Amino acid sequence: MTRPTQEQSEQLAVLWTQAQPVVSAYIRTLLPDYHQAEEVLQRVAVTLVRKFEAYDPDRAFVPWAIGFARFEVLRYRRDHATDRHRFESDIVGQVAELYQSEDIDFAGWREALRSCVGRLQGRNREVLKLRYTQDESPTEIAKEMNMSSNAVRQLLHRVRASLRQCIERAIAGKGADRE
Amino acid sequence: MSDAYHLLEAYLNGEITEADFPAFNAWLREDPEHLRQWVLASFMSHELAEALAQEANTPEQPPVIDQAGAARQGVMDAEVLSLLEQIEAASHDAPLREIDAVRGKESTPSRLRSSESIELNAALRDLRWAAGKLARQWVVSKPAYLAYAALVALLCVALFVDWGGEDAGPIAEWPPPDTAPGVETPSPFVLPVATLTAEYDAAWALQPGGDQRPGTIRPGAPLGPNQRLTLTEGFAEITTNRGAKVLLEAPATIETTDSDNAIRLHRGKLVGKCETESSKGFTVHAPGMDVVDLGTEFGVDLPEGEVIAVVFSGQIKVVSPETQEKVLLDHGQMMRLKADQPERFFIEPRVGQQFNQLHLQFSKRKMELPGTGVGILEGQVDPNWQVVAFNGLEMDTPQSLVQNPLTHVHQIITDRPAQWITWNLDNAGDHPAGQAKGRVAFTFRTQINIPDSVDPAYARIAMRFAADNQLQAMYINGNRIVVEEESPIDLSRIEAPRFWMIDDHLVRGQNTIDFEVVNIQNSERFPTAGHVALFVDWQLIVN
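Line by line, the protein sequences give chains A and B. The numbers in our numbering rise by one with no breaks, and the one at position 50 of the first sequence is 50. Throughout, our numbering is defined as the position within the second sequence, counted from one, plus 1000.
To be clear, the hints were calculated from the coordinates, so they are not data collected in a lab. Treat each hint with caution, since some may be false.
Chain A stretches covered by chain B per the calculated footprint, using a threshold of three residues with CB under 8 Å from any CB of chain B [to be verified]:
(1) 24–37
(2) 95–104
(3) 127–134
(4) 151–165
From the derived model, a few chain B residues whose C-beta atoms are all more than 12 Å from chain A [said to hold, decoys possible]:
(5) Leu1012
(6) Ser1042
(7) Ser1045
(8) Gln1054
(9) Arg1242
(10) Pro1251
(11) Asp1258
(12) Arg1264
(13) Gly1268
(14) Glu1277
(15) Arg1480
(16) Leu1506
Only a predicted model underlies this, so the values are computations on that prediction, with no experimental measurement involved. Yeah, the Cβ is synthetic: ideal placement off N, Cα and C, and Gly gets one too.
Construct the complete structure from the given sequences, taking the supplied hints into account.
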């Protein structure tokens, strides 16, 4: 194996910058723990550097990278065999195939989500912040917001559904705007 | 909605327990849509965490939008605004169904007067684009530091990687074939009813009136209702929103309908496959005949002046759209409609041969195959493989393979069905680890299923295989294969496996294949006994 050329390194850097959010999202789906996911992501980066000579630039980079991420997730699970594996191996593969199929426009979803989140206010925003930045459970959120736990769960469900609807409309609107 | 849907909510809320995960895994497997929902929901959660964290950390906050003002200015989609306001107002213990019912009743926002709505819709179109442009600028600039960090990290890795003298070799046939997303989408105000999910050497006709143009229909392209497609070459697969798959062979012309569980066949032939619960009742409208699927695989062919419906498995219902007369057809039966003279035959499977090429083309991609490690937990028995002989002597009782952690490292990156089977000498019973010396050979046995619709006389099983680092010889169904000796165990080498073809003695249904893997254990170079391992990936080829 030879060291990548300067041109190859630059090309890989550009491709990885674009692919990293999707690869990270794939890994986080299967390894919700932040530190575990970061460790696997770094391993994927190392592997991509080593294997980049074999990459065919006529083919999509993200599916190629997801393939290595799939292997690294499975290897991580093997190395931590004492840990309980919540998702079974075939699920790991199926999720990889979904990411590789490029059936979902993750970049579009990401962009649209950030736009939609920016529009949230009041209790909707507050409950999301407590859940997703403080990692609080509905029971803990309920105490802070003086609501019942069940009300918090229903609110989270509705806000997530509303965000998803906003995202889908934004993506559909972007498609119309291109015509 | 499945009963296990609440598990998804529990997962997203961080409330799922360890005991729930088997049921959650089963729910994910139950329907591809469940997996998709979970992946999207997880993705949203991940992105929400990042987005909200960045908002808290960056001094420059996105503008706070006055919702009422935004509605008048048309910056926000008025319907989404209305929904958010309703949620805000109703965020107490009201049951979910009441909110959903309210949402369903509101087709236009109640806060807008009718005289404003026309002007608002026009303003919405312009301002949505502008808002989107602003949002895109914001999104591009905001995570720039993350991108730079990733770039720096990657370059640092490149500097410190040990390059050594090892030749990794190319990875054969990876990545999988390109499936670029479709570039043509239906109007965003019309929901698609199906998707073009695959094509093989396909070409599409230029239609008068421009329903489609060459090169614009690509895998991943959504298909709207009443969209007409003509396939002039090759094969294509269309999947309805309900999960029914339609396999087309050129030349063929089909048309989607208003329903997401029906299509119209104008010319050519198709095979319909309904593998999901929600796709039952999938209907193919043909001239003079409607074919309704009842959970099966069937074919519809329109040769000159005829309509033929064939059932490969399960049942279909054939309905006359004029008289509403219904006929139920079972596996192996065929209905032929010719000039208003329907006939009904009991047929041999061979009579459905006109669909063979269609089946075969798709069988190449999706061959029914046992899969070690797929869905089998550590410590569980793999029912697809057995160990039937040791050092050439048949065992009185075949041994089951037990999934062990070593197999995880051997999930090969390949787009073909593949397995990696390991037989750990610790499981060897009478041949415990450390005691087996010299030549050690285990025979792994599995079975390959050739579908009924495939004529075995024209079929071959092509495989790639490799074994672990102490390999001396391989025999497949008694035929010796020349292999590299003592190739180091390294995933980067697995792309240089041996190729083999089985093209004789194949039958419809189950075909037994034995792999005898001969290793050198406790040799001078490899002094410790370990495991005997085999990797195989498969492809069905038909002439």
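Quick rundown of the hints versus the structure:
1. 24–37: It holds: at least three residues are needed, and the segment 24–37 of chain A offers 4 whose Cβ sits within less than 8 Å of chain B.
2. 95–104: holds (count 8)
3. 127–134: Coverage by chain B holds here, the residue count being 5 at a Cβ distance below 8 Å.
4. 151–165: Our answer is that it holds, as 13 residues pass the Cβ test (under 8 Å) against chain B, meeting three.
5. Leu1012: Check fails; 7 Å does not lie beyond 12 Å.
6. Ser1042: Not fine: 4 Å to the nearest Cβ puts B/Ser1042 too close to chain A.
7. Ser1045: Nearest chain A Cβ is 7 Å from B/Ser1045, so the label is violated.
8. Gln1054: Violated: least Cβ distance 9 Å, not greater than 12 Å.
9. Arg1242: holds (16 Å)
10. Pro1251: holds (28 Å)
11. Asp1258: holds (19 Å)
12. Arg1264: With a cut-off of 12 Å, B/Arg1264 remains clear of chain A, as the shortest Cβ separation is near 25 Å.
13. Gly1268: holds (26 Å)
14. Glu1277: holds (18 Å)
15. Arg1480: holds (31 Å)
16. Leu1506: Since the minimum Cβ distance to chain A is about 27 Å, B/Leu1506 lies beyond 12 Å and the statement holds.
When each numbered hint is compared with the structure, violations occur for hints 5, 6, 7, 8.
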